[in-house]
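The lines below spell out each chain.
4 protein chains.
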Amino acid sequence: MGKGRIEAFSDGVLAIIITIMVLELKVPHGSDLQALFPLAPLVLSYVLSFVYVGIYWNNHHHLMHTVKHVTGGMMWANLHLLFWLSLFPVVTAWVGDNPTASWPAALYGIVLVAAAMAWLILQRTIIRTGSTLARAIGKDLKGKLSLLGYVLGIGASFVRPWIADLLYALVAVMWVVPDRRIEAHIASE
Amino acid sequence: MGKGRIEAFSDGVLAIIITIMVLELKVPHGSDLQALFPLAPLVLSYVLSFVYVGIYWNNHHHLMHTVKHVTGGMMWANLHLLFWLSLFPVVTAWVGDNPTASWPAALYGIVLVAAAMAWLILQRTIIRTGSTLARAIGKDLKGKLSLLGYVLGIGASFVRPWIADLLYALVAVMWVVPDRRIEAHIASE
Amino acid sequence: MGKGRIEAFSDGVLAIIITIMVLELKVPHGSDLQALFPLAPLVLSYVLSFVYVGIYWNNHHHLMHTVKHVTGGMMWANLHLLFWLSLFPVVTAWVGDNPTASWPAALYGIVLVAAAMAWLILQRTIIRTGSTLARAIGKDLKGKLSLLGYVLGIGASFVRPWIADLLYALVAVMWVVPDRRIEAHIASE
Amino acid sequence: MGKGRIEAFSDGVLAIIITIMVLELKVPHGSDLQALFPLAPLVLSYVLSFVYVGIYWNNHHHLMHTVKHVTGGMMWANLHLLFWLSLFPVVTAWVGDNPTASWPAALYGIVLVAAAMAWLILQRTIIRTGSTLARAIGKDLKGKLSLLGYVLGIGASFVRPWIADLLYALVAVMWVVPDRRIEAHIASE
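Heads up: the sequence lines are chains U, H, A and R, in that order.
Just so we're aligned, residue 1240 is where the first sequence starts under the working numbering, counting upward by one.
Just so we're aligned, residue 1240 is where the second sequence starts under the working numbering, counting upward by one.
Just so we're aligned, residue 1240 is where the third sequence starts under the working numbering, counting upward by one.
Just so we're aligned, residue 1240 is where the fourth sequence starts under the working numbering, counting upward by one.
None of these hints come from the bench; they were simulated from the model.
Given the structure is predicted, the values throughout are model-derived calculations rather than measurements.
A hint or two may mislead.
Identical chains blur together in the list; that is why a pair holds if it fits in one copy or across any two.
[Unchecked claim] Cross-link-like lysine-lysine pairs, in silico, DSSO-like; alpha carbons within 30 Å at most:
1. Lys1383 <-> Lys1265
2. Lys1381 <-> Lys1265
3. Lys1383 <-> Lys1307
4. Lys1378 <-> Lys1265
5. Lys1242 <-> Lys1307
6. Lys1307 <-> Lys1265
7. Lys1378 <-> Lys1242
8. Lys1381 <-> Lys1242
9. Lys1265 <-> Lys1242
Working from the sequences, and respecting the hints, build out all of it.
Okay, here's the thing in C-alpha cells:
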C-alpha cells in the first residue's frame, strides 16, 4: 500500500472542505453596498478557517513526507483528522452568523482542540511505524502553544467572544509567518 | 488503460461524498447551546456514514491493489458501486432528521445492502479478469456477517429503529477494529 | 505540458458533477414511505445523468489515451466539453421536478446535443495534432446514432415527454452494453 | 517537497470552484420556456466566470512548469490566489441576480483585481526561488492590459454596468484566443 492514495484522498477532502465553506457566504439579497455589510463577519470567519485548513494541508505534506509505509491504523487516524476538519464549514458559518455570541466561539475552539488532538494521534501512529518524524517534531512547542491558545479561547468565549476570535487568529498567524524565525525563537527559550 | 485513473476518479467521488454529507448539518438558527441539541442525531448519523465511506475507501484500496488490467466491465461495476455510495448523504440526512422513524432506518439498511451487493459484483468482475483476489478473499465471512447485520437491521427498523442503528454501527465497528485479530478469530471458526 | 494534469482536472470536474447531482435529491419532509414517492422521478433522472457522466468519463479515458502532446486549443476544447457537462445537474433536477413537462425534456436533449458537439470538437482538435485517434474512430456510427436519438427526443418532448426520456435512455444503454458486440454489429453494416 | 501535491491541490480547488458555481443556477420553478428567462443573466455570468477559472487553471499550469522546488512562501502565495478565486461563485451569483446594478459589477471587478494581484505575488515568489519564469514573462503587457480593463470596469460599473461586463469579457477573450498571434502583436509594439 503506497502513500500516494492517502495523500490524494486527503488533498481531495481538504480541497473540498476549503471550497465548500464559501457556500455559506450566501448571495446578498439587495444589490447595493449595504447588502454586503451583514456578510462581513462571515467573510472574516471564512478567512480564518481558510487559513486553518491551509495550515493543516501544509503540515500534512510535511507529515506524510516522513511516512515510509502506510498501515491500517494510519489510514483511520488520518480519516479521524479529516472528520474534525470536515466540521469547519458548519462551525465557521455558526460563528459568522453570531459573531458576538459565546457558544459559537466556544464550539469553534472545541473543534480546533479536537482537530489538534486528532493531529497528535496521527503523529503518534506514524512515529510508531518507525518514521523519522519523532526527531523532526522535537518538543513541539508550537503545538503546545496552539492548544493553550485554543483552551484560553474557549474560556474567553464566555467573557468576551472577540478575545476568543483574536486568540484563534494569533495561533493561525504563528503557523503562517515564516517558520524559521519563530522556531529559532522557540528553540532559544 | 491503467488503473491509476479509476483509482483517482473513485478517490475523488468518495472524497466528495464524505465531505458533502456535512452540508446536511445545517447551521443552527439560535446562538446558544440549546440550538445545537436538534443537531445531535444528524451528527451521529453523519459519524456513522463517515465511517462507512471510510471503510469502503479503505477496502477499495486493497481491492484495486489486486487488479492487473482494467476492463470496461470493471469500470461500470465500479461506477455502480459509487452510485449506491452517492446515496449516503440523502439517507444519512433522512435518518438524522427522523431518528425514531422506521422507514428512514430501513432505507439506510437497504442502501447498505445495495452497496454491499455492488461491492460483490465488483469483486467478481475483478476475479474474472484473473487477479489474485479470489485467494485473498477466502470465505469472506466478514462480508456475509455484514449482510446479515444489514438485513436484521432492516427488519428491526419496524420494531425498534434504534436496534437497527445499533446493528449498522456494530457492522461498521467490525470493519474498523484492527483486522488481524478478527480475521484470526474468523479463520479459527 | 504533459496530459496528466488535463486528465486529473477533468476527472476532478466529472467526479464533482456526478456527485453534486445527488444534492438535488432533497431529503423527504415526512418520515414514512409515502414521503419517498415524490422523489421517484428525481431518482430516475439522477440515474440517467449518472450513467451519461459515467459514459463521458469512460470515453474521455480512451480519447486522452491517444493524445501525444497537449495544446492550448485542446485545453479549451476540453473545458468547453466540461462546461456543457456541468449543466447536467440543473437540467437533471428540472426534468426530475417536472417529469411530464415538454420543455424540461427538450432542454435535457439540447444539453445532450451540445455536449455531443463539444465532444466532436474535442476529437477534431486532438486529431489535428496528429494522434492515432482518426483511425480508432472510424465512421463513428455510434456517435451519429446518439445525435439522431437526441434530436428525435427533443422533437418527441413536445408530443409525449416520456418518449424523449426513453430515447435518451436507449442511447445511454447503447454506450453501456459491452462495446465489442455492438461495434462488431456496426462494423458489419 | 515536490510540486506534484501543490498542483494536485490547486487542480482540486479549481475543479470544485468551477463546478460549484453551477449550484447557483437554481432549478426553475415553472416548467415552461418562460421559467428559463430569469436564468439568462445567471447563465451569462456563469459562462464568464467559468472562462476566467479556465484561464487561471491554464496559466497555473504554465507557471508551475517553471517551478523547480516548492517553498513555504510559494504554498501560501498559492493559497492566497486560491482564496480570491474561491470568491468567484458568490460574486458571480450576485452579478447574475442583479445584472443592471452597480455594486455587484464593481465587486466582480474588485475580486478580479485581487486575484490578479495574488497572481503577481505568486509569480514574484516563484521568480525569487530562481526559476526561469522571469524570462518567460517579459514585459507582461497582457497582465497590465488586464488590470487596466478591470479598473476601467470598476469605474464603468457606476455609470453603465453593462460596459463593465463587456470590459471583463474582453479581457477574458484576450486570454482565450490563440496566444501566439496576440503575443506577436504585443511583442511588435
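So, going through the hints one by one against the coordinates:
| no. | hint | in the structure |
| --- | --- | --- |
| 1 | Lys1383 <-> Lys1265 | neither (36 Å within a copy, 32 Å between copies) |
| 2 | Lys1381 <-> Lys1265 | neither (35 Å within a copy, 33 Å between copies) |
| 3 | Lys1383 <-> Lys1307 | within (26 Å within a copy, 34 Å between copies) |
| 4 | Lys1378 <-> Lys1265 | neither (43 Å within a copy, 39 Å between copies) |
| 5 | Lys1242 <-> Lys1307 | both (8 Å within a copy, 19 Å between copies) |
| 6 | Lys1307 <-> Lys1265 | neither (43 Å within a copy, 40 Å between copies) |
| 7 | Lys1378 <-> Lys1242 | both (26 Å within a copy, 29 Å between copies) |
| 8 | Lys1381 <-> Lys1242 | both (26 Å within a copy, 26 Å between copies) |
| 9 | Lys1265 <-> Lys1242 | neither (37 Å within a copy, 34 Å between copies) |
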